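Could you build all of it, start to finish, from the sequences and the hints given here?
Position 153 of the sequence shown, counting from 1, maps to 153 under my numbering, and the rest follow consecutively.
Read the hints as simulated data drawn from the structure, not as lab findings. Everything numeric in this text was worked out from a predicted model, so none of it was measured.
In silico SDA-like cross-links for lysine to any residue, where the CA-CA straight-line distance does not exceed 25 Å:
1. Lys-272 with Gln-406
2. Lys-272 with Trp-135
3. Lys-188 with Gln-33
4. Lys-92 with Pro-230
5. Lys-176 with Glu-232
6. Lys-92 with Arg-53
7. Lys-188 with Asn-402
8. Lys-110 with Leu-133
9. Lys-176 with Ala-236
10. Lys-110 with Phe-24
11. Lys-188 with Tyr-414
12. Lys-110 with His-17
13. Lys-176 with Ala-227
14. Lys-176 with Asp-157
15. Lys-92 with Glu-232
16. Lys-92 with Arg-224
17. Lys-110 with Cys-98
18. Lys-110 with Asp-59
19. Lys-272 with Gly-353
20. Lys-110 with Asn-54
21. Lys-188 with Ala-142
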Amino acid sequence: QDLPSGAYCMRLRSGAHHDTIPFFVLAALGDAQADLCVVIPTFTYVIYGNHARNDFQADDWHLRASCSEGAYLHNPAEHVEHYGASTYNLHKDGSGICHCTHRRPLLTLKSGFRSITEPGSGVRHFQADTHLLAWLFAQEIAFEVVTDHDLHHEGADCILPYRAVMTCTHPEYHTKESLDALCGYRDKGGRLLYLGGNGFYWRVAVHAEMPGAIEIRRGEGGIRAWASSPGEYYNAFDGQYGGLWRRNGRPPQELAGVGFSAQGLFEGSHYKLCAGVRENERVSWMLEGIDGDVIGNFGLCGGGAAGFELDRADVSLGTPEHAVVLASSEGHSANFVAVFEELLTHVTTCVPGVEPSQLVHADIVFFETRHGGAVFSVGSITFCGSLLVDGGNNNVSVLLRNVLTQFLDPATFYRYGAPARDQYNSFPDDEGRAIGRALIRTPKPIHPGENEYSSFRFLSVDHN
Numbered sequence: 001q002d003l004p005s006g007a008y009c010m011r012l013r014s015g016a017h018h019d020t021i022p023f024f025v026l027a028a029l030g031d032a033q034a035d036l037c038v039v040i041p042t043f044t045y046v047i048y049g050n051h052a053r054n055d056f057q058a059d060d061w062h063l064r065a066s067c068s069e070g071a072y073l074h075n076p077a078e079h080v081e082h083y084g085a086s087t088y089n090l091h092k093d094g095s096g097i098c099h100c101t102h103r104r105p106l107l108t109l110k111s112g113f114r115s116i117t118e119p120g121s122g123v124r125h126f127q128a129d130t131h132l133l134a135w136l137f138a139q140e141i142a143f144e145v146v147t148d149h150d151l152h153h154e155g156a157d158c159i160l161p162y163r164a165v166m167t168c169t170h171p172e173y174h175t176k177e178s179l180d181a182l183c184g185y186r187d188k189g190g191r192l193l194y195l196g197g198n199g200f201y202w203r204v205a206v207h208a209e210m211p212g213a214i215e216i217r218r219g220e221g222g223i224r225a226w227a228s229s230p231g232e233y234y235n236a237f238d239g240q241y242g243g244l245w246r247r248n249g250r251p252p253q254e255l256a257g258v259g260f261s262a263q264g265l266f267e268g269s270h271y272k273l274c275a276g277v278r279e280n281e282r283v284s285w286m287l288e289g290i291d292g293d294v295i296g297n298f299g300l301c302g303g304g305a306a307g308f309e310l311d312r313a314d315v316s317l318g319t320p321e322h323a324v325v326l327a328s329s330e331g332h333s334a335n336f337v338a339v340f341e342e343l344l345t346h347v348t349t350c351v352p353g354v355e356p357s358q359l360v361h362a363d364i365v366f367f368e369t370r371h372g373g374a375v376f377s378v379g380s381i382t383f384c385g386s387l388l389v390d391g392g393n394n395n396v397s398v399l400l401r402n403v404l405t406q407f408l409d410p411a412t413f414y415r416y417g418a419p420a421r422d423q424y425n426s427f428p429d430d431e432g433r434a435i436g437r438a439l440i441r442t443p444k445p446i447h448p449g450e451n452e453y454s455s456f457r458f459l460s461v462d463h464n
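What follows is the structure, given as structure tokens:
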């Protein structure tokens, strides 16, 4: 009750053995003690919980773990019979595991657990997210936390008191309620920082009467560990069409301006600033103290800030037309490929005239929102792994510090393209009167479960 909001671990000891159990403390609803909130992606943690990787090699993994101070020495691939597997694994009959829970020991949540043995830290999810939390502590930036579960149950109310809200490295799985909470926060003037990749990708459902139980259906497209069979595309827990949020009419670009575009091995490259951004007053302030055009050619995760899973901007999928692409990644190896949902054939994509290889990049995107809010997205899972390099004295750290300083400032963001007298209210107001730039719905194909949402485009209107 007296602990400040944050991420904690309970250490358990028995003789020469010890274990740690992470847990998260929230502020009382409506009693925020900081201006910044970090959303802990607990749905994603649970969905991946006890992932027994099919490329697990015991000797190699144990060698790396035993040579690293503080590394966790147990792997779920060796304990499936005791603790169960994840929804990235299969049942013995070859069907995909579609139900999971956090109400069991989750070895993948242990401090020091390494998911993979490729170059770099090999950490993902909770362990990788601690890079961001450690950076916030080092920068002496006060913050509190909420979890996906809280967004689902309490909605936007649990984050509305905060001036800025940031995600961690991989907020991949969301329910309708948790996604609605983030959209509601943004649309009421909140400042959202999406600091990961492959976010807001899969739709999940929680059981109404069985606390902790989560369901995932992997139907009709997407990068996935298994495919749902025909007739199994709908969730049993809530009766709704599962699968990708994109196929449910809510591409990630509609929330954060970027969405999943490419995936490779656990390796990273760098971003390069786009032409003209230093002269663009809407974003030039982000680059104060940064020399050169290359950002993040270093990192604890994969060796670069732009790596592993990459998100890009796409107006046709919901990126606002007034969004600014600050930088795009380049120099990715041949191990990276465009995601399946972007492919029409092996040589053509859903983007006319664009080849699959041209979709292999991450975009850093910024745009202002209604009521003085804004969104900043980095489009890469490995971005936060670069924050602590050289003790935080690097251009990734400077960039995020600049953005966060402005996002925590009470001053309202100007609406790009709106006359000065309407710069703070350049969307239709609550009664639907056109103010500043009109919000126009555009038609799109309807898929089961898609009727609630539409893409948007912006048209200037005459105030006179």
